[in-house]
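Number of protein chains: 4
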Amino acid sequence: MTIEGSSDASVGRRLRLGMVGGGRGAFIGAVHRIAARIDDRYELVAAALSADPARALASAADLRLAPDRAYTDFAVMAKTEAARPDGIDAVAIVTPNNVHFPAAKAFLEAGIAVICDKPMTMTVAEAEALAALVDKTGQVFVLTHNYTGYPMVRQARGMVAAGAIGKVRVVQVEYPQDWLTTALETTGQKQAAWRADPARNGAGGSLGDIGSHAFNLAEYVSGLTCEAVAADLSSFVPGRRLDDNAGVLMRYAGGARGTLWCSQVAPGNANALRLRVYGETGGLEWAQESPNELRFTVFGEPPRTIIRAGAGADAAAAHASRVPSGHPEGYLEGFAQIYADAAELLTARLEKRAPDSAATVVPTVRDGVRGVRFIAAAVASGRADAAWTRLDAV
Amino acid sequence: MTIEGSSDASVGRRLRLGMVGGGRGAFIGAVHRIAARIDDRYELVAAALSADPARALASAADLRLAPDRAYTDFAVMAKTEAARPDGIDAVAIVTPNNVHFPAAKAFLEAGIAVICDKPMTMTVAEAEALAALVDKTGQVFVLTHNYTGYPMVRQARGMVAAGAIGKVRVVQVEYPQDWLTTALETTGQKQAAWRADPARNGAGGSLGDIGSHAFNLAEYVSGLTCEAVAADLSSFVPGRRLDDNAGVLMRYAGGARGTLWCSQVAPGNANALRLRVYGETGGLEWAQESPNELRFTVFGEPPRTIIRAGAGADAAAAHASRVPSGHPEGYLEGFAQIYADAAELLTARLEKRAPDSAATVVPTVRDGVRGVRFIAAAVASGRADAAWTRLDAV
Amino acid sequence: MTIEGSSDASVGRRLRLGMVGGGRGAFIGAVHRIAARIDDRYELVAAALSADPARALASAADLRLAPDRAYTDFAVMAKTEAARPDGIDAVAIVTPNNVHFPAAKAFLEAGIAVICDKPMTMTVAEAEALAALVDKTGQVFVLTHNYTGYPMVRQARGMVAAGAIGKVRVVQVEYPQDWLTTALETTGQKQAAWRADPARNGAGGSLGDIGSHAFNLAEYVSGLTCEAVAADLSSFVPGRRLDDNAGVLMRYAGGARGTLWCSQVAPGNANALRLRVYGETGGLEWAQESPNELRFTVFGEPPRTIIRAGAGADAAAAHASRVPSGHPEGYLEGFAQIYADAAELLTARLEKRAPDSAATVVPTVRDGVRGVRFIAAAVASGRADAAWTRLDAV
Amino acid sequence: MTIEGSSDASVGRRLRLGMVGGGRGAFIGAVHRIAARIDDRYELVAAALSADPARALASAADLRLAPDRAYTDFAVMAKTEAARPDGIDAVAIVTPNNVHFPAAKAFLEAGIAVICDKPMTMTVAEAEALAALVDKTGQVFVLTHNYTGYPMVRQARGMVAAGAIGKVRVVQVEYPQDWLTTALETTGQKQAAWRADPARNGAGGSLGDIGSHAFNLAEYVSGLTCEAVAADLSSFVPGRRLDDNAGVLMRYAGGARGTLWCSQVAPGNANALRLRVYGETGGLEWAQESPNELRFTVFGEPPRTIIRAGAGADAAAAHASRVPSGHPEGYLEGFAQIYADAAELLTARLEKRAPDSAATVVPTVRDGVRGVRFIAAAVASGRADAAWTRLDAV
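Quick note, the sequences are listed as chains A, B, C and D, same order. Position 83 of the first sequence, counted from 1, bears residue number 83 in the UniProt record's numbering, the numbering being contiguous throughout. Position 353 of the second sequence, counted from 1, bears residue number 353 in the UniProt record's numbering, the numbering being contiguous throughout. Position 205 of the third sequence, counted from 1, bears residue number 205 in the UniProt record's numbering, the numbering being contiguous throughout. Position 266 of the fourth sequence, counted from 1, bears residue number 266 in the UniProt record's numbering, the numbering being contiguous throughout.
Hints in this document: simulated from the structure, not taken from any laboratory.
With the Cβ distance kept under 8 Å, some of the chain A side facing chain B (calculated, not the full set):
1. Ile34
2. Arg37
3. Ile307
4. Val323
5. Gly326
6. Glu329
7. Gly330
For every residue, glycine included, the Cβ atom is placed at its ideal position computed from N, Cα and C.
Take these sequences, add in the hints, and give me the full structure.
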């Protein structure tokens, strides 16, 4: 999506999209739908919007879906859509975490591309199985680590890769929130309820919900592989079964070091994801709540503020931008970029051509495996009094 | 659009939208189309995308429009669509300024609602004529003073009206940019070219392009009516025929005072629109480049930062929000809100019911008249060595 | 004062300082004394600290002054000190405005250097008379436009002079406060009381107190001469006799334009002095409440943040710095720099040598004349419904 | 030091101050001298400014010290001054770390109060010995953890103690710098040279220089006692013998958790000390480079920005303030506050009265012991692959 003189819809065919999860009362489903609409590459035509059949059908009517494509079971949906001549090209899986794996498996096996929410699966075994299945089917699989859709994150990744800050030494990442400062999960709030339930959420509380985003961002931008973690986990709210705060020491291949902090009990913080990467010759700093800015310092020179679509913004950032500098793009556009890139990957596959290389940086099943390993390793470390735990040993 | 548990498309029918202007090479057309898609209340089905016929048709193909609804003339389009049983419900007019009036007139007379870019017309006479026509037809007419779609602008307006800062004394507004620091209009850049041409742009350069936004924001939030201006206009770039910088003293009904500054030659500024309103008991400050925050000070208390969808954000802000606090919404969502509110006004009219009152704050033809009067008065004052000029006397 | 390896007191002799005003209950007197101590170039040895004799003597005892140098009358002090072999080298005049002129005159005529608070005098005639007296006596006269002591203000001035932003086009300056939002002057608060009294304060309310600082900063950094102003003055608080808010259009020699806004009724603002200067090739922005940073943009490049004593900070900034980058210096250090430079000017005179050129940028009687002319012109313009008023015509 | 109507010198006697270290080429010595002057409670009258005799004497001349009080040996100075009727009341020890203990011991044993730089000693044994000596002598001993002199740090400490954020759960502290990004210590730069030398600096590199400040700030504000650390230390610059980056997990008595990060290889950071404390009902955030602001959030309410000397600032902040809100105070004033409080403690002792309770929060030998234990524990943990190490076990 370039800025000047672009035609937002000159990018060719509109893909047929399905959705699993995201019915009435859900939060992230609507976000995915807006994201899919922004760049006009998808049309939502089928869905299994809830595990509750009545809610699934009512939600489908809300979304003007044809009745015969309003499903109550994702397995049925996968088979039925695969059999239709106008069946969906891709499915978005936006359920609680425990459904990610079976649903992704069902659609991949039905020959349908998958756009899946994170964390990708409940266990490392599931994650590896999914990766193998993606390899086997050759299908497009995109993971919505949506923060990687922000233009300045893209640019930061490219700058590090190009040596703009020299060899990376230190990676500091954090993601504090405050919405679980009290026992919100006991009040009937739906988002809090399933996230507080290990059976639906998995073993990582704040680690799984937001720590996994922070971990992904750190690896994504630094280009480094985290080898081991030492994690100190807390559950500060009485009765809470999963961690709501974690401090993590991180060791990366090649000798870089860093800390990761995630918290859902830090009053005054909403989604304060922040990444700082320091190398031998410079540093980069980015904060999700001011996503249009990237602070870049060459050691010995004044810090520069590179603004999305402004001076110093590069092609990777332009690829992920819609409007000129100074008109902020936000969370929904970042999310939309994941969808736009998924559309490019899938369209290229359908058209039997190579995709635009700028789209190939979107997170895939490999990032999903990394994230699940991070959660597993951090949880294991936490249970072992913060002992070093390798990500390849969980 | 509420945040939690909302279904983004449960709002009923999708309106049929047409567009005039916005073809290949245009900027704002694509913005309008994204804005129209975000909340899924419109389907673009017809357009006259360019004054150049070949460009109009090629652009329509880009947008997958049916060939019989790809027009090369807005007048033909208005009549043809009005005659179709599935004709458009509304048209978006996104042309250079000189086309706004004839196009809006044509569609209004054809019984079609209008969403029009700003400044509304080239002259006060046109503006008043359009207002009379809207009154006569009773048609929906929405002006895309898009910054009024930002949630915290909505909240600020409501807070002032509710007395949160007491009687307003001082209104400071500014909108600096830097993109015309050099003679860009002589390089073939399309956006700069028509804006530098009085025949297509009108008499106000920076005043018309961005000063009118600043003026609108000041009146919109303060709830005050500007009575007179004293404007000092400059054209710093050699050869430029219109103002590229203006300092304006402003007098409001009721005794409030303020200044307005707009500039397109202020290096380091992209779209740094900023409003500050001070009353007898408090102050409010908002900046477009950090639109999710509203700084609110009760005199004698520490400043508070109210964050979109966060603590202290009110119903007016929630109405204009899509995602929770800390996940920034930006320019496109603000723009989308104008479209969402227009959809509600139009749907309510079609359904013969009263619209949601939260949608009725969207700018209309009355705001358009005000903006055109401001430009005319400021230009007249500028020509008279910054003499005080009343807005009702131009 | 350089940073690394400097010896703070290796600068030679300690000057003998006197003070007029600044006794118990005063505010700015203590600031001057701290400023004079920071760089250890002065010893306070004599004073007439109050117009009230008892208060003058008690205040002198507070300050450990020798009884024979605790005066109750500045005229007596000037004569007596001039006659002493160990008499003061310089006097700081920190009284309400109406005393500045007679006191400065008395000390200059006694052959004693003057460090005087601003605005320099009550009238243009007094200001010109003082300038003539300084010329005649050749004495050192420094005006405490203290904001010019900030390192990044010094650097900005030098950068503009060196062409870093090209020919200046636009100068935007503002100084909002909120302390006079209510009728504080009627409560017995001493600072508010004299400032609200035309007989002690002069004709400019917010214009004199803070507008004069903003004016000075604009001319100081831009290097331009303001030729004419059009000022809209308000007195929002009932019963207030002087302006508490002013919007001013400014025209500078050479064609630059700008606005000046000063207010003492802007809730949420303490001392929010801010200057922005834009030229043909770049821009500079500085804010008093974050004084260690200077934002510098070359048009077409990302904005840089130059930090006091950090990368990109120059010799002019280093001259005015005491500690390394990242350890903020503030208001008192900026004030101290005025004193340090005054000490250098006076010491050089005593030693019959040329002063360090870095010290010669300190504001002098000429800046004082400019400031008084600005106040007079703005007040005159305000009384004439914001008619353009030349500074050389008042 | 209150703001309004204060007389900066009405606080009584001026103490006689000596200094050890801080001669030509030193950095922190000049800072201590400015700090001592700001509030006019001290007069520097004696010093042993360097271990190099010639440099010591030349530096003393720079400072206008009487020749008979320009020492070349601190032990001689301690004895000589103790024997003089006009001997120093207190000594400031501003040497490299290895001299702190013997010098402090010598002056305490001579009956002279000590103001000592941090880290207090090279070893825990020395620290405990010093604490015992202070207990035995009853002498005033103040440690210049200067950041505790900032008004908003004082206020934050008091707010936490008063329950403003509820029981503390999470303490995040960090102190990144960039000045040692390259091997500055090999270039002859004096500050870098001794800090890179374990024999003069001690075992903690970044940990000792800045990690100890961060640790102190965390305990000071939170009121908590850190029980154990798990530290991952790096020396990124080839040839460097001490750590230049450390990530530390922290466990506090009572169950609070946190991380500490210090780095001297983080390009773009000068002295970016930052503390965030989160409790059951609210949060506090403070950053050294914007020291006049304290961000305070009550969970469920909009964040407030409390500004030094502004609305919401309390008595503890006022005690440490000199000028009104909006006129920034900085590093030197924070440092001066340590000196002012030390003066009050010492004056009270000399006058056999209780000190002003607001001054008793100044860091003492107990804080010094804590800091040295932190460094020792973190270094031990680092050597043990980040194993948990108790501070009371080193």
